[in-house]
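With the sequences and hints as input, model every part of the structure.
Those protein sequences? They're chains A and P, same order as listed. Take the first sequence: its position 315, counted from the start at 1, is 315 in full-length UniProt numbering, and no numbers get skipped. Take the second sequence: its position 672, counted from the start at 1, is 672 in full-length UniProt numbering, and no numbers get skipped.
Quick caveat, the hints were computed from the structure, so don't treat them as lab data. Small disclaimer: the values here were computed from a predicted structure and weren't measured. Some hints could be false.
Unchecked claim - Dumping the calculated PhoX-like pairs for lysine-lysine here, alpha-carbon to alpha-carbon at most 25 Å:
(1) P:K638 - A:K109
(2) A:K243 - A:K273
(3) A:K117 - P:K367
(4) A:K111 - P:K638
(5) P:K367 - P:K552
(6) A:K166 - P:K960
(7) A:K109 - P:K637
(8) A:K111 - P:K637
(9) P:K633 - A:K109
(10) A:K166 - P:K633
(11) P:K633 - A:K111
(12) A:K48 - A:K31
(13) P:K367 - P:K216
(14) P:K477 - P:K707
Stated by the list, open to error - If we take Cβ atoms under 8 Å as the criterion, some of the chain A residues that face chain P in the derived model are:
(15) N58
(16) Q142
(17) A143
(18) A170
(19) Q172
(20) R174
(21) C175
(22) A176
Backbone N, C-alpha and C fix where the C-beta goes; we use that ideal spot for every residue, glycine too.
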Amino acid sequence: MSDSMEVDDGIPSTSKQVKESQTHNLPWIEKYRPQSFEDIVGNEDTIKRLSIFSQQGNVPNIIIAGPPGVGKTTTILCLAKILLGSAFKDAVLELNASNDRGIDVVRNKVKMFAQQKVTLPPSRHKIIILDEVDSMTEGAQQALRRTMEIYSNTTRFALACNYSEKVIEAIQSRCAILRYSKLTDAQVLARVMQICRNENVEYSEDGLEAIVFTAQGDMRHALNNLQSTYNGFGFVSAENVFKVCDEPHPLLIKDMLLECTKGEIREAYKIIKHLWNLGYAAEDIIKNVFKVCKNLDIDEPLKLSFIKEIGVTHMKIVDGLTTLLQMSGLIARLCMIGQGIEYKS
Amino acid sequence: MDKCTTIIVSTEGTESLTKERKRRSKLSLNCNYDNHPIKSKEPTGQASIASFFQKKSPVLAALNSNKDSSVCGIATELNGKKKKKHKKTIETNVGYNHENQLASDLEMEEDRKVRFSEDIVEISPEPVKKRQSPEPNSVKINAFSFMMDNRHKSIGQNSSGIEVEHVEELPELKTDMKKKLLTRKVLFQEWSECKGSNKRKVEYVEQGLVIEEKLKKRAKRLKTMLNINKKRNNDNVLNSVKSKNAKKLSLNKHGETNGQCDTGSPHKWKMKLKVSLDKISTKKVDVKSTKEQRKQKGKEETDEIKVTKVRKRPAIIDSSSDSDSGEVLSFDKREKPTNTVVEKKVNADIKIAPLFIAAKGKSKVDKAIVEARKQFLHSSLPDSVKKVIEKQPKLEIPDYEVFPMVSHIKVKPDDSDVSTMISMSSVDLRLTASNSEIPKAAKLTRGCVTNLNETSSVGVDLMNGKKIKSFKSILQKLKCENPDYPIYRTFKSLYNKSNVNSDSLKKLKKGGRSKKKKNDRVKLKNPPQMWTEMYKPITSEEMLGNRLAVDKLKTWLQSWVEMNLTERISERRGSNSSSDFEDEEDEDSRNESSLLENTFILVGPHGSGKTAAVYAVCNEVGVNILEINASSKRTGKKLLLDLHEATQSYQVRKQAALSTYIKSNLIGDDLGKLGKMCLLLIEDVDLVFEQDDGFLTALSQLVVTSKRPIVLTTNDISCLQVKKFSTVSFPAMSPRFLTPWLQVLCLVEGTIVSRDSVVNLLENYRGDVRKTILQLQFWVESSGQCAIRDEMTPHLNNTEVILGEDDSSNLSWLNDDGEDLEPVPIQHVQFFEDQSLVDLGSIWWNTHNILQIPPPLRSIERKTFEEIVDNGKYDIADICNYFETLTLTDIVYKKFNLNDDFESVSKITYKIGGDSLELNESEEPYTSRDICCEWIKELCNAQSTNTKISCSPAEKLWRKKFSTCNENLLEVVPQVNHLQRNAISLDYLSTLRTMSRSEIVRAGNKKRRSRFYNYLRGLGLHCNEEHFKMISNAFYLEK
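Below, the structure written as structure tokens:
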């Protein structure tokens, strides 16, 4: 201990370095996890409401549903920390999918915790955080339902899930449901740029564009990609980003779609064949085609009919027809639409 | 000029032949090469040869040098120099052992020295002369360089640098080298003699014989293979074309010039035959054949050669002048890169190939002769070469066997059919480099593939809570909206609840309920509770909806309580001793309780108020509740253990004090002394987990033996246990009751909520009160309204007196100052941003919005269809597209079961208006065409009066019910008839409905099951009462 101190003393900017070395190993998603409601990006309305709750207490049971990487867990943790402050340790039970959450646990651990008495300021309650509720078995959820009601005077539940329909109705009936939507690209970009500044990450415009594109409104994805690109290459450029997250290149797909609008099936096919030869799965490709088409700069009606065709093809692919033929068919139909030819299916 | 060259070539040819005879293809090889690599750059021909040798692999070079060294004395200066160079290479690359062996080898063949020297002398002028023929030179250089490249590759030695060096040093070092070479040569000879070269010689010869035989076999195999390959690869090797041409050119020349010598060829063939026979005989001789034998043979051969020397030469040239020769050569060159061993063999074949090709090509040549010639030519490989072959693999690639010993391919060697058999039509597959054509992804720019350019401004506009001053006017307004609903009473009761002090709460609720409400914080006026707790019904009167069910429950419980009471009273009057109390009681109770059903099942979706109803009724009647829910382990054993006693004894818990509610009851007085009866509430009977084994059996046992009322709640009616008992259904509450109630609730909480919002909310949650309340709480409380509420309470406190007095539904109870007629600021709380998917079920109701049908033009009475199409921007294609989309989404929904209660388009039915007596009165399911027709009709008529059509929630519910009902019934109808809509709607469905209706009627009259039920069951339609009700009420629209 003393040795280390001495060593530290020898170097001038020790404390900073030590701090950096501590945080250095942290993934950025942990390092930059928001600690207060102000820092949480996106879904401002809901978060504003929750921040009001965090001041006055008496939060009803809530379910936060939304796609991954939009800050559900972060919100709940924030809320719990602000509500309970120093009592956070005693008054919060956090269970996520990594914990055993079978019927037994719900009947014993959760119930016991709900019955526990913890001294808390008025209008504050113990909080049981169940992350990823939709991954709980139905039985466990069923076993939970009456507990939620009976101990509602002392304990509140905060649940997070991706798909609210996977949570049984009975639980949903006992909670207020808050829905989080995907973050907008601008929100993701702003945050990514902020972190880039903090971490002194060199980046290029197209690199950030690529990060934002691959993230698709998933902040966690964006930060992970950013960090891995930075660690791997030291510079965030589009090329590096696409090396890290191996996806069908959006610009190729964009070219393809633009060729389709012109009705140039040969060129478009060349690209799709190329992508296919690169070994991307049909689902990967169709997903990216949709992503790109979403923001393609073409006529609205044309875009809509494109998306319709893409949707139909996606359905086929999900059904198991993951062949190049389907993709080629899609291209052909898109080209027909692009040329304004009606076709009879 | 021509003559000159031909002579030289001829000498070379003879030379090569003789060497072959003596199994010394080595030198012939060299000579072979000598033919090609004539370099005009070199100062002298000898120099060119030297440099050429230099380029060769060290081993080859060593051999050459050795041979040369043996001839050293006679050789020219240049030769000497060359030799010296090679010796150097030997020293570096091969080592002394090898050198010695070679030296001894050379010694053995001392007798041929003279001829060699002659040869060399002959050779020496050759290149000089050749150089003078400029025409093929350029081509030849190319061919040579190609060959040399291949050689370098195969041998793996890059000697080009040495070559350059050599060329540079050449003039200066001549004399030195000569001296050195001479001394070296002497040294070598001494060494070899010292080391017993004679003994070794014998060994080597023996080994050589063995190897020779092996090589012969291989050569044969290779030959056949070459034959095949040659045919296949005729056209393929473009690279060798040049060399081939060059070869051809030179050879053709020879052929032309020496054409006259052809006459001697037959004789030569004979000679050859002899030799081959000779050879066969020697082959048969044991491997132990001695050196002498070999020498003898050699001599024989040499003799023969001497005879045939001159004659044979033109023949070879003749055959090589055949056009095929070039191919063989080219093939040769291709083979070289593989291995040095291969190379040698192939080199040996260079001589052979033209021969047998010629034989094949010319039918006039005797096959036997060709065969013999081939054999002969193949058989001959000089010892030195053999040794090299033997050693090279050891040096370079020891474990690599080029030609497998066992050949699996058997091909007729010399058959004319072979070509047709094997020749395959060459498929011209072009390699297309498609990747190169793919445009490289250009640079990403911002907004290229994302919507970054859109600056999203998500404004958070939380409602600024305004102080609500005039409850009265708001209530008035509400009353106007819902004239049937007791707004004021509701307000009063809710207000009471919300304002109940913890003191009064404690006072009011000392029963079973108060245990749950832990109102520890006395100071707090409004203990933080969830609204569901705060506003839950305390008496059965407060229950919202499901009035019948609640009443039924209440009467049932009351009868239990009364029975219990009378028992107690009678028992108390009968005997005062508590000891025999229970024994007597048992028999009585059994008799009495058998009259009453002891089990009651509440069925309904979540949030419909089942548990609340039980608690409310129990609170009112004064019954304790023992609750068993799914949150605890409930195995059959545990259940029996815990509850058996409770169900068998009447007195479960004695309460010292009674709640005020019970006091108000008539029976309260007696009950107070006797203690409360206990009710067993078992929640969620349909939930049985694996660990709860025996739960159901235990439950049924309890139910059979219990002397206490048991209430079970369940969501799922299909649960087996449910069917045995009488059920009370708690359907989801209709928004009709709930909407004003919720509005009042929100008002009590200090927020004014518009009707629409509440209706939307309820619709969204399908009549789930609890959820709606919670959601309302969330939105109301989170909008920062609670502060306002505190402010407003004193204002209301003034009215408390009045509240107590008046409960009639007029305004008098409210503080009417007469002033508060100010306009009410109606605030609309936007509960949610609609993030969910578009409700496809409501598409039908909003077709006008979708199509944006303009407001009706009344002036135009009737437009023709065409006019509409022409005028409006909505053409048929649009409508069709819409419809296609609709059907597609329909399919998607159905396929993935996204939403159970999605009212799919195909389910939407419509009624054809008409007289009730008319036969064509029917309702049919919509098809896509129908909707389209409807839309078009609408368009044509332009009759729409509303800009927005919306069905009432009630109607929506009814529709849903109706469609599910119809679906149920349709299950019975044979599928063949499904397409006949008339038959279904007029015959099947109506009949089934009638049957179920009559079933209901009969069930009302009598307890026993009627025959209609049996009919239905016979059809395969397993309905219970619920279904019948639904079916019979299919047309009843609650309004």
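Do the hints match the structure? See the list:
1. P:K638 - A:K109: Given pair K638 (chain P), K109 (chain A) holds - Cα atoms ~19 Å apart, limit 25 Å.
2. A:K243 - A:K273: holds (20 Å)
3. A:K117 - P:K367: Violated, at roughly 112 Å.
4. A:K111 - P:K638: Holds. K111 (chain A) to K638 (chain P) sits at ~18 Å (cutoff 25 Å).
5. P:K367 - P:K552: violated (118 Å)
6. A:K166 - P:K960: At roughly 23 Å apart (the allowed maximum being 25 Å), K960 (chain P) and K166 (chain A) satisfy the hint.
7. A:K109 - P:K637: holds (22 Å)
8. A:K111 - P:K637: holds (21 Å)
9. P:K633 - A:K109: holds (12 Å)
10. A:K166 - P:K633: holds (24 Å)
11. P:K633 - A:K111: holds (11 Å)
12. A:K48 - A:K31: holds (23 Å)
13. P:K367 - P:K216: At roughly 20 Å apart (the allowed maximum being 25 Å), K216 (chain P) and K367 (chain P) satisfy the hint.
14. P:K477 - P:K707: Between K477 (chain P) and K707 (chain P) the Cα gap is close to 52 Å, so the pair fails against 25 Å, i.e. violated.
15. N58: Result: holds, 4 Å to nearest chain P Cβ.
16. Q142: For Q142 (chain A), the interface hint holds, since the closest Cβ of chain P sits about 5 Å away, which is under 8 Å.
17. A143: Nearest chain P Cβ about 5 Å off; hint holds.
18. A170: Constraint on A170 (chain A) satisfied, holds at 5 Å.
19. Q172: Since chain P brings a Cβ to about 7 Å from Q172 (chain A), closer than 8 Å, the hint holds.
20. R174: This interface hint holds because 7 Å falls under the 8 Å limit.
21. C175: With Cβ-Cβ at 7 Å, under 8 Å, it holds.
22. A176: holds (4 Å)
Checked against the numbered hints above, the structure breaks hints 3, 5 and 14 and satisfies the rest.
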